[in-house]
Structure formats: C-alpha cells, structure tokens
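In order, the protein sequence lines correspond to chains A and B.
Quick note, in the numbering used here, the first sequence goes up one by one and the last residue is 575.
Quick note, in the numbering used here, the second sequence goes up one by one and the last residue is 773.
For the record, the hints were derived by calculation from the structure and aren't laboratory data.
Keep in mind that this is a model prediction, so the values were computed, not measured.
Short derived list, chain A residues pointing at chain B, Cβ under 10 Å:
| id | residue |
| --- | --- |
| 1 | ALA382 |
| 2 | LEU455 |
| 3 | SER540 |
Ideal Cβ placement from N, Cα and C applies to all residues, glycine included.
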Amino acid sequence: MPLFDSSNSQMLTWLLSLIIFLPSFGALVLCLAYRASDQSVRRFALLTTVAVLALTIWLAWPGTTPGHFTLGKPGMQNMVSHSWIPGFNIYYLLGVDGISMPLVLLTSFLSVLAMWASWPIVKHVRAYCILFLLLETGMLGVFLSLDFFLFYVFWEVMLLPMYFLIGVWGGPRREYAAIKFFLFTLVGSVLMLVAILMLYFSSDLRILSPSQLQASHVIVDQSDAARLISAGTQQHTFNILALSEMGQMSDSPFAKTMIWGQKLSLWAFLLLFIGFVIKLPSVPVHTWLPDAHVEAPTPISMILAGVLLKMGGYGVIRICYPICPDAGYSLAWLVCGLGTVSMVYGAFAALAQKDFKRLVAYSSVSHMGYVLLGIGAWSATAGLQYNSDYWSVGMNGAMFQMIAHGISSAGMFFLVGVIYDRVHHRNLDQFGGLFARMPTYGGISMVIFFAALGLPGLCGFIGEFFVVLGAWSYSKALAIIAASVVILTAGYILWTIQRVYLGPEYKGPHPEALVPMTRREIGIAAPLVAFAILFGVYPSVLFDYMKPSVQNTVNQMTTWTSDVKDAPAVTQEAK
Amino acid sequence: MNPNSIIPTLLATAWLLPLASFVFIVFFGPRMGRHGQRAATVATAAIIAACLLSFTALGLWLFQHPLGHAAHGDHAAAVAPLAGDWYALGSFGALTISVGYYIDALTIAMFCMVTLVASCIHVYSNGYMHGELHDVIDALAPLSNGEPMRRHGRFCRFFQCLSLFCFSMLGLVIAGNVAMVFVFWELVGICSYLLIGFWRERKSASNAANKAFITNRVGDFGMIIGLMALWASLGTFSFSEIFSQVRPAATEHRLQVPDGMIKLAKQGEVAEIVKRHSGDLDAAQKEIAAQLPDWRAQGYGYGLLMLAGLGIFCGCIGKSAQFPLHVWLPDAMEGPTPVSALIHAATMVAAGVYLVGRFYPVFTPEVLLVIATVGAITLFMAATIALTATDIKRVLAYSTVSQLGFMMLALGIGGWIAGLFHLFTHAFFKSLLFLCSGSVIHACGTNEMPQMGGLKRRMPITALTMLIGCLAIAGAGIPTVVGLSGFHSKDYIVAQDLSFWSHNPGFGGIFFFVALIGAAMTAFYMFRLWYMTFAGNPRDGYVHHHAHESPPSMTVPLLILSLMAIVAAWNIPFTSIGLDGLLHQAQPLGTAQTVTGQLVNVTMPAEHLAHAHENSLKAEWMAFAVALTGFILSTLFYGARKWNPDEVRRAFSPIYKFLLHKWWFDELYRKVFVQPALRVSDWVAAIDKKGLDVIADGLARLVEWTSRIDDWIDRVFVDDIINRLARWTYSLGISLRVLQTGNIRQYVIWITVGTVALFVLMSMYWDYAIAGI
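Sequences are here, hints too, so could you generate the full structure?
So, in structure tokens, the structure goes:
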C-alpha cells in the first residue's frame with residue numbers, strides 16, 4: 001500500500017491510529033450523511049467495522065516486519081510514540097503485546113458481529129450507528145494505549161456511547177439501567193483517576209536506567225537519556241511501562257508510606273482494583289450488570305459481555321500487578337477471594353433467575369470470577385522455590401478465559417436476542433420445545449451453551465481448567481471451592497436448556513412467530529460456534545499469542561518476589 | 001514400518017473414524033436418504049472399520065509381545081507400554097498438558113471390546129430405531145391439550161450421537177494422560193446426556209439426562225481435586241511420568257511418596273530453607289533434597305497421595321454409578337435401549353472401573369480399602385433393589401450397578417486382573433441382556449414385566465440368547481471343568497475375596513460374604529427376570545398377541561454377543577492366547593505384590609496367591625453353590641411357582657417398601673442437596689435484589705437528597721441573602737429617590753457639602769502610601 005511506504009514508524013502510527021479512529025471517522029461520515037436511508041447507514045457502519053477487523057488481522061498476522069505481530073516476543077511491539085501534551089509528559093503512546101493483541105482482535109471481531117446483529121434496530125438508526133462506532137473507538141483505544149492518561153481518556157470515551165445505547169435503545173427500564181451502569185463505572189473511573197494522579201506525582205523517570213527508559217519508549221536514543229537523568233526536577237510520567245519498571249524496583253518510589261501506615265502502592269492498587277472489578281464485574285459491585293444486560297439491546301449486550309467486561313481483567317493484569325506488585329502480593333487473598341466468591345455467587349444467582357437474559361448475565365459474573373482467581377493466584381513464592389510455572393498456568397488460563405467468555409457469552413446473548421426478536425419475552429418458564437420448532441437454532445445453542453458449561457472440546461473448558469489447576473498451588477481451599485462451581489454451572493445451564501429447548505411444545509405467546517433462523521442470524525452465530533470449537537480443540541492458536549507476554553509478566557512478578565520481597569533483611573538495612 | 005508407530009496409528013484411526021462419521025452426519029445427515037436412513041450405514045461402517053483396525057492392532061501386539069505363561073509373582077520384565085504425545089493443549093515452562101496416547105495390552109483389549117460391542121449395537125439399532133424413520137406419535141410426551149405429540153423422525157441424529165459417543169469412549173481409552181482422560185470423561189458424559197434425553201419431548205427423559213450429567217459432575221468435582229493434587233505436586237498428568245514417580249524403578253516399583261508431594265506437604269520448611277539461602281536456589285535445593293528421606297520417613301506427603309487417589313476415584317464413583325452417586329443410572333434407562341446397552345452397561349459406566357485399573361499404581365492400600373468398601377456397599381444395595389424392580393430395564397440397570405460394584409470390590413482388595421476380567425465379560429453379557437430386553441420391549445411395547453410372560457414361544461431367539469445372558473451373569477459352569485464367561489470372572493473375584501480374608505482375618509470376611517450374597521442375589525433376580533418375561537402363561541393377552549420375533553438386524557447381534565458371553569473368558573483353542581493372559585501382561589508394574597497400609601492395618605494380598613490351587617478350588621465351589629441357590633430359589637418362586645412371592649412381600653412389607661423405593665435415595669438427595677441448593681440460589685438472588693441493589697439505589701438516593709438539601713440551602717440561604725441585598729439596594733434607591741427633587745440649587749449644595757466632606761476626610765487620613773508614592 002502506498003500509504004505505508006514511508007518510514008516504519010510513520011506506517012505504524014497510521015496503522016494503529018487507523019484501527020482506533022477509523023470507527024470515529026465512520027461516525028463522522030454518518031453525522032454528515034443525514035439523507036442516507038437506514039439500510040445504507042447500517043451497511044456503511046458494518047463496512048467500517050469490517051475494515052477495522054481487516055486492519056487488526058493485518059496487525060495480528062504473524063511476521064517479524066513492523067506492522068505484523070512477532071510471535072514469541074514477550075514485550076511490547078509495534079509501538080507508536082508521539083508527544084501529545086508536553087507540559088505534563090503526556091504521550092500518544094500505543095503498542096500491542098500478547099496480552100492486548102487477542103483482546104483487540106476479539107473487540108474488532110465482536111464489533112462486526114454485533115453490528116450485523118443490529119439489523120433489527122429501527123429506532124434512530126443513524127444515531128445508533130454513530131454511537132456504536134464511537135464505542136468501538138473507545139474500546140480499541142483502551143486496549144492499545146500505553147499512556148495512562150490516554151488510557152483514561154479512552155476509558156471515558158467508551159462510557160458515554162454505552163450510556164446512550166442502553167438509555168435510548170434499551171428495554172422498558174432502560175433509563176434506570178443506563179444511569180446505573182454509568183454511575184457504577186464512573187465511580188470506578190474517578191477512583192482510577194485518583195490513583196493515576198497519585199502514581200504520576202510520585203513517579204520519577206530519573207531513577208530508571210537508560211535501557212529501561214528506552215524499553216519503555218520514554219526516549220528514542222541514549223542522548224535523551226542523559227538529558228533526562230540529569231534533569232534538575234522530578235520527571236513525572238504517565239507511561240505505563242515506565243511506571244511498571246519503577247513499581248518493580250527494590251527502592252520503588254511507590255513504596256513510600258501514606259495513609260494509615262500503608263504504602264502508596266497499596267492505595268493505588270486498591271483504587272485501581274476497585275475501578276477494574278466494577279467493570280469485570282465482581283461481587284459485590286456487580287449489580288449494574290444484570291440490569292444493564294436485561295435492558296440493553298441484543299448487540300449491545302454482546303459488546304458489553306464480550307468486550308467491556310474484559311477491560312476489567314485487562315486492567316488488572318496490565319496495570320495493577322506490574323505497577324504495584326507489592327500490593328498484589330499482599331492482597332492476593334483479596335483478589336482470589338473475590339474471584340471465587342463471584343464464581344459461586346454468580347452461579348447460585350443464575351440458578352434462581354426466571355429471565356433468560358438475566359440468567360446469562362449472572363453466568364458472566366460467575367465466569368469472570370475465574371479471571372480474577374487465575375490472575376491473582378500468586379503461587380511463585382519461596383515455598384514453591386520461586387517456580388512460576390503454576391502461576392503462569394493460572395494467568396494464561398485467565399487470559400484464555402477472557403477470550404473464551406467473549407465468544408460464549410456474546411453467543412449466548414445473541415441467541416437470547418434471536419428468540420426475543422420473535423416472541424418478545426424472556427420468561428424461562430414460557431419457552432420449551434424450541435428444538436423442534438427451530439432445529440438449527442437448537443443445534444447452535446447447544447454448542448454455545450455447552451461451551452459456557454465448560455465442556456471439554458469447546459472454548460470454555462480450557463480457561464476454567466487451567467485457572468483451577470493454577471489456583472491449587474496458591475490456595476487449596478479456594479481451588480476446591482472453585483472446582484465445585486462446575487456442578488452449579490452444569491445445573492443452571494442444563495436446566496435452562498431443558499426449559500427452553502426441550503419438551504413437547506412451546507408454552508409462551510406468539511408461537512406463530514417461531515420461524516427458523518434467518519441466513520443473517522446463522523451468519524452471526526456460525527463464526528462464534530467455529531471459534532468455540534477451534535479454541536477448545538486447539539487452544540495453542542491463542543496461547544501462541546498470549547503466552548510469551550503473560551509468562552513475561554509472571555516472570556517479572558516472580559523476580560520481584562525473590563529479589564525484592566524476600567530479599568534478606570541485611571541487604572535492605574545496608575541500603 | 002516400525003510396529004511401535006503402526007499400533008498407535010491403527011488405534012488413532014480407529015478412534016477418529018467415528019468422529020469423521022459424526023461430523024459427516026451433522027452436516028449431511030438429514031439429506032442422506034429418506035429421513036437420513038443412510039446415516040446409519042455411515043456410522044455402522046465407521047465403527048465396524050474401527051473394530052477391524054482394533055483387532056489388527058491386537059494381532060500385531062500379540063505378534064510383537066507374545067503372551068508369556070503368566071509367571072506368578074511380579075514380572076519385572078513387563079511389556080513397556082507405547083506412550084507419546086500428539087500435540088499440546090498448553091505448555092507452560094516445565095508444565096505441559098497434551099493430547100497423547102498410552103497403549104498397553106489393556107488399551108488394546110478395551111479398544112477391541114468397545115468397538116466389537118459398539119458394532120453389534122450399531123447393527124441392532126438399524127432395526128430397533130426404525131420407528132424414527134417416519135413421523136412419530138409420542139404418547140409419553142403429551143401436549144397441553146392432552147393429545148400425544150407428533151414429530152418428525154430423528155433416525156440420523158441417533159446415529160450421529162452414537163458416533164460421537166464411540167469417538168469419546170475410544171479417546172478415553174487411548175488417552176495418554178489423566179487430563180485427556182478427564183476431557184473424554186466429560187465428553188462421554190455429554191453423549192450420555194444427549195442420548196438419555198434422545199426423546200427430548202418427554203419430561204422424564206430430559207430430567208433423567210440432567211440428573212445423569214449433574215450427578216456425574218459431582219464425581220468430576222472430586223476428580224478435579226485429585227487432578228489438582230497430582231498437578232501441583234508432580235507437575236505432570238502423563239501416565240508414564242506419574243507412574244515412574246510414584247513407583248520408581250529404584251524401589252522395585254514399590255509405592256513411594258514422590259518428592260513433589262513431600263515438598264508440597266512441607267512447604268513451610270521449604271520456604272524457610274529457600275529464604276535462608278537467599279538467592280542461591282541451587283544450594284537450597286540441595287539442602288531440601290538432603291532432607292527428603294527424613295520427611296518421607298515421617299510420612300509427609302502420604303496424605304496428598306491419598307487425596308490424589310481418592311479424588312480420581314470420586315470421578316469413578318460418578319461415572320461407574322457407585323454408591324452414593326449411583327442414582328442416575330436407573331433413571332438413565334429413559335434413553336433408547338441400544339443406548340442403555342452400549343453406554344449404560346458395556347462401555348461408559350465401565351470407564352470408572354477402567355480408570356481405577358489404569359490408575360492402580362497410584363492408589364495406596366488405604367485408598368484401595370475405600371474402593372473396596374464403596375464397591376461392596378454398591379453391589380449389595382443395588383442387588384437388593386433389583387430384587388423388587390418390575391421394569392425390565394431397571395432390573396438390568398440395578399444389576400449393572402451391582403456388577404460394577406463387584407468390579408470395584410475386586411480391584412479394591414488387590415484383584416486387578418479379577419476386576420478388569422469381570423469388566424470385559426460383563427460388557428458382553430450385559431449388553432446382550434440389554435439388547436434382549438430391547439427386543440422384548442420392541443415386541444411388547446412395554447417395559448413392565450408383570451405384563452409380559454410366556455414370550456418364549458413368540459420370540460425363541462430372544463428367549464434363548466437372554467437365557468445365555470442370564471446364565472453368564474449368574475456365573476453358570478461346572479467347577480474345575482468349564483463355564484460361561486461370567487463363571488470365570490466371578491470365580492476370580494471370589495477367590496481374591498477369600499485370599500483377602502485369609503490375610504485380614506476379621507473384617508476381611510465381610511467383603512467375602514457380601515460378594516457371595518451378591519452373587520446369589522444376582523442369580524435370583526436374573527432368573528426372576530427371565531421367568532417373568534418368557535416363561536409361564538401370558539399375563540396380558542394383548543401384549544402377548546402382538547409380540548413377534550425381531551428382525552435379523554436385531555437377532556444377529558444377539559447371537560454374536562451370546563457367543564461372546566459364552567467364550568469371552570476362554571483361551572483360543574490350542575493356544576494360551578486369551579483375555580486372562582492379556583490382562584496378566586497388562587498388569588501395571590509393582591501392583592502384583594502384597595502390600596500393607598501405613599495408616600490402616602490392611603493387607604492387600606498379591607493376586608497370584610488367590611490362584612493357589614486350594615484357594616481357587618474353594619472359591620469355585622462356593623461361587624457355584626451360591627449361584628445355584630439363587631437359581632433354585634428363583635425357580636421355586638417364579639419358574640415352578642411352588643411358592644408365592646406375594647406372601648413373602650406381605651410378610652416383609654417394610655423391607656419390601658424400602659427396596660421398592662430404592663432405599664429412598666432420590667428423596668433423600670432431593671431434601672439434602674437439590675432443595676437447599678435452590679434455596680441458597682433464591683437467597684443469593686434476594687441478596688442482589690434486596691441487599692446490594694438497595695444499597696446502590698440507596699446511595700444514589702442519598703446523593704439525590706444531598707443535592708436536594710443543597711438546592712434548598714441555595715434557595716433558602718444563599719439566594720435569600722442575595723435577594724435581601726438586592727431588596728436593600730432597591731429600597732435604598734427608592735428612599736434616595738426623594739432626594740432627586742430636580743432643584744439645581746439643592747444639587748449644588750449637596751455637591752459642595754460632599755466635596756468639603758471629602759477634603760476633610762482626606763486631610764484626616766492622607767498618607768503617601770495610599771497614593772502609592
């Protein structure tokens with residue numbers, strides 16, 4: 001492409017910026033196209049998401065040249081850095097690694113499916129598409145940005161379109177659900193902002209070595225390093241990579257004591273963690289999720305469950321642990337405990353639901369609990385002779401679980417939507433016999449629901465199994481409780497299948513509307529089914545991407561444990 | 001080509017053929033002939049081909065490893081299994097979970113058994129399921145208006161699920177590691193779920209399917225715990241690696257707590273040592289290694305080893321329907337009868353026994369004692385329930401549970417060969433019995449034995465083959481001369497029981513007597529079944545009148561299986577090749593010696609001791625005697641009708657009711673597990689609605705009120721002050737208005753007065769600082 005002919009860095013800037021801003025550009029075009037018909041607006045929006053998907057696939061394509069993804073490289077790659085607000089050292093800093101790449105792909109992939117699933121929406125189509133595309137920009141921006149300030153901006157950018165998408169196109173209680181979603185997330189992001197500022201003002205680039213500075217993309221060459229290190233005043237930074245380097249140093253600037261004798265890193269960790277677990281969501285801050293899902297239109301539910309929840313997990317793994325390992329170490333019980341409680345609590349709550357969509361929403365709470373448990377299971381301690389492999393299994397499992405849940409939960413919400421579009425109710429007691437009425441739908445549902453149930457051979461199993469295996473080395477009790485969830489999951493999923501798909505006849509209103517799935521609907525569900533099977537049978541497709549980076553994170557934490565946390569008291573006194 | 005690579009390839013092909021058939025039928029099934037009739041051909045061809053491949057592999061194996069004359073005692077030069085990996089599911093540092101194979105004589109024998117039985121059942125299903133070739137009117141699935149429901153036939157879907165099952169079952173057998181076993185363990189579970197619920201319109205069928213899967217998941221929960229314990233301590237799931245760690249060659253394959261488990265049990269000390277050697281991990285590891293023998297001698301890690309064993313066994317309890325998780329199997333009879341024969345009699349439910357056999361090297365004597373106890377309870381309880389059941393398939397289901405209990409008991413008291421031998425013979429005669437019952441049900445349209453009777457003239461082949469099945473399961477034979485397959489395998493079990501008793505005087509006798517009583521009951525209820533169905537006079541004229549012999553597609557498999565039921569335990573004439581020898585060869589290293597428990601005083605006698613002439617002769621005659629007793633009693637009650645069973649029933653009414661209600665397990669579980677779980681789920685939902693949501697909404701309302709108060713303060717105080725100020729200014733203006741008279745002279749006076757006053761003020765307060773100078 002001629003566009004990419006100039007230097008590498010310019011090409012990368014274009015590529016990554018296009019991925020993020022192409023949806024916004026599409027939204028802008030739609031703003032101007034006020035005369036376009038609804039159908040052409042939808043088609044244009046779909047085309048935009050497809051273009052973004054193509055670009056992300058380009059980026060993810062294995063290869064060693066810039067613009068492609070180098071498999072097996074643990075650190076960041078394809079980085080783009082431009083000064084944005086020099087007064088505060090704020091950069092337009094983008095990049096991907098094995099942790100963010102699968103999530104970026106998931107986002108653009110689900111955006112295409114969700115946009116295609118938006119066909120039945122007839123109210124204010126143009127506004128809907130504009131907001132949808134803006135949302136996509138926000139999501140991709142969160143996963144790609146490496147500057148904390150930029151990250152925060154995208155985090156907020158994503159919030160508003162979501163609020164309107166639920167609040168305008170939602171169900172009967174949409175205003176309540178939308179404001180609830182908005183306020184919960186806003187509380188989280190305000191706490192996050194406080195933490196960001198705390199970290200910013202205590203950071204100092206001068207304590208980093210030139211190689212660390214270069215690795216973090218703070219500087220381009222060594223001469224800048226000399227200038228920076230010899231600077232007279234503290235050099236604050238929003239650079240997430242640089243902050244991580246500082247957080248893991250033995251004399252970390254975040255180790256200074258703040259309120260109640262606790263370290264700054266602990267408070268920052270807590271504030272960030274609360275912000276992320278609201279998004280994840282974890283008990284007890286999960287109650288926005290069922291309401292938001294029940295009221296949101298089908299495609300928005302797909303995005304919400306498939307992508308937005310993952311930002312919580314992504315934040316914990318990318319930001320909380322690398323920047324504040326100290327707090328992560330001492331609060332591992334909290335992280336894992338919350339994860340386990342969410343798993344059990346969500347499963348029980350799902351068992352009690354009468355509303356199909358609410359049930360699926362609670363299953364999300366339960367499934368995302370695995371993510372917390374897998375990330376938090378800090379088992380690479382002295383007792384295990386600093387063997388990081390088990391934690392790596394857990395954290396890889398957690399990452400896998402995020403992608404797998406993105407596939408299965410988006411699929412489940414879509415399937416609920418398919419039936420809701422026909423009969424306009426979601427009461428679980430008023431279904432039955434759908435298998436006979438809609439055989440293809442029944443078959444697809446079986447695969448997707450079994451994937452959620454964690455059936456081996458489908459995507460849900462790998463994540464759950466690996467997380468539980470990893471958790472045992474951290475805490476036997478938590479691992480056993482977590483393992484017991486397989487019974488509850490089987491309970492609510494099979495009971496749902498029985499009530500909805502099996503039985504002699506359909507028991508609810510509008511039986512005449514139960515027509516087989518349309519070609520469009522099959523087209524949306526089929527890729528989800530295909531990926532559910534692919535990831536279940538050959539998980540290395542994903543592990544090849546995520547493993548080096550996850551392993552890198554785990555190794556950093558392990559090194560920190562052995563060299564900083566467990567460092568003998570003598571050397572600490574000597575300092 | 002090297003046989004070491006041919007055999008895995010052959011078995012892998014046999015394994016994947018049914019998968020190919022499944023995929024093919026998923027996409028093209030309905031388009032293959034009318035109602036997908038030819039799907040059956042595809043599935044049957046696939047499994048028969050798999051069967052041929054398996055037997056080829058068996059031939060190759062025997063050619064390569066001829067069966068030695070089973071040396072008594074431990075044969076150290078045992079045949080090394082073929083093990084390898086195909087690809088990794090995930091690999092993290094030193095930890096890998098892979099898809100691979102572990103092939104020894106047991107694997108190949110299982111392949112042959114599974115594919116042979118499955119082939120027979122596929123052929124049989126061609127005839128049995130023909131009702132699904134056209135539209136079906138299902139009276140058992142009434143619509144809300146009371147009419148029976150009509151639906152299209154699902155012939156091809158049945159074969160699709162059968163193929164998937166065969167693939168999963170073979171995968172379970174070929175698996176090279178426990179994780180892969182677990183994967184296929186779940187997959188056979190889901191196939192079982194799909195096939196039990198094949199008539200998904202029936203509430204009873206979908207309930208039974210759910211019950212089967214969820215009950216199995218309870219067992220799987222335990223299995224996951226076992227897996228975690230193994231994984232965290234040994235860092236591998238591979239059979240060969242686990243076995244070599246648990247029974248290293250250095251100890252002559254005696255059970256030893258592996259290093260990893262000791263380190264995990266002593267985690268605290270390990271942490272201290274590592275911290276003491278700050279930074280020098282090698283030195284620390286040396287010190288830990290030096291400590292290991294001491295720790296091992298103190299018994300650290302033994303608990304973990306037991307936990308691993310018990311956990312794995314939990315999975316087996318679920319899958320093999322052992323007490324207390326046996327409740328799902330009788331309900332699973334809601335599925336079509338070929339499914340009951342294949343999955344719930346011959347193969348899947350035996351997978352639990354197979355896994356106990358496969359994982360045998362890891363079980364400590366204490367765990368084996370638990371296995372034996374569970375098996376004994378199961379075999380007794382299920383046999384008693386089978387005495388009173390009237391549904392022909394339920395009798396067989398409880399009989400299956402009871403026979404599986406026999407196998408577990410045998411394995412648990414050190415009888416590795418005895419337990420697995422019974423697994424194979426049972427697979428043949430029990431699938432035969434189920435298929436016969438299917439033939440009967442097919443002919444009569446009912447499962448209830450009280451409506452049958454006198455069918456032997458109507459269906460001679462079925463009656464004969466079922467009689468063979470009954471004789472086989474009862475263990476008919478002439479001691480020391482010859483017997484049907486069940487005679488030999490049951491004899492092994494009783495012999496091992498006897499040997500166990502002699503090594504554990506006292507409680508050892510319990511197992512022996514339970515086994516004998518169980519054997520007697522087996523003979524009794526099986527012949528009760530046969531007499532009620534085939535002998536005597538027809539009890540229901542309509543049923544009898546419409547009964548007919550089944551088509552050849554159903555009777556031919558019956559004949560093949562009845563042949564197997566007779567000869568499965570025999571050696572091929574004029575050779576020493578047979579199941580017995582094959583199992584002797586497959587016996588895992590180190591498990592054929594007498595061992596004693598560390599925590600419990602129990603001795604597991606080596607198996608060859610049971611085959612000592614005196615012991616085995618005693619066992620043979622005892623087994624023969626109890627089977628004969630059962631048979632005679634049954635004949636007196638149901639065959640010759642000398643005694644009236646109703647009188648006995650009345651005399652022991654409470655016991656009868658207890659048995660008829662299956663020991664009240666279903667009711668108990670509903671009260672103790674299901675209802676509380678649902679109640680907890682309601683509480684949780686209520687906490688969300690009435691707790692967390694109220695807090696969140698309350699917080700929102702609090703903010704709202706705060707803003708209202710704020711608003712009120714604004715209006716009442718802040719606004720008021722401003723308003724007052726404004727009002728004052730206004731009224732000041734009003735009051736000053738009187739001064740504006742329009743009189744020039746008056747103004748001039750005011751200006752003068754003002755100027756003078758300013759000057760006076762300035763002269764009083766003037767300072768250069770004010771002027772800024």
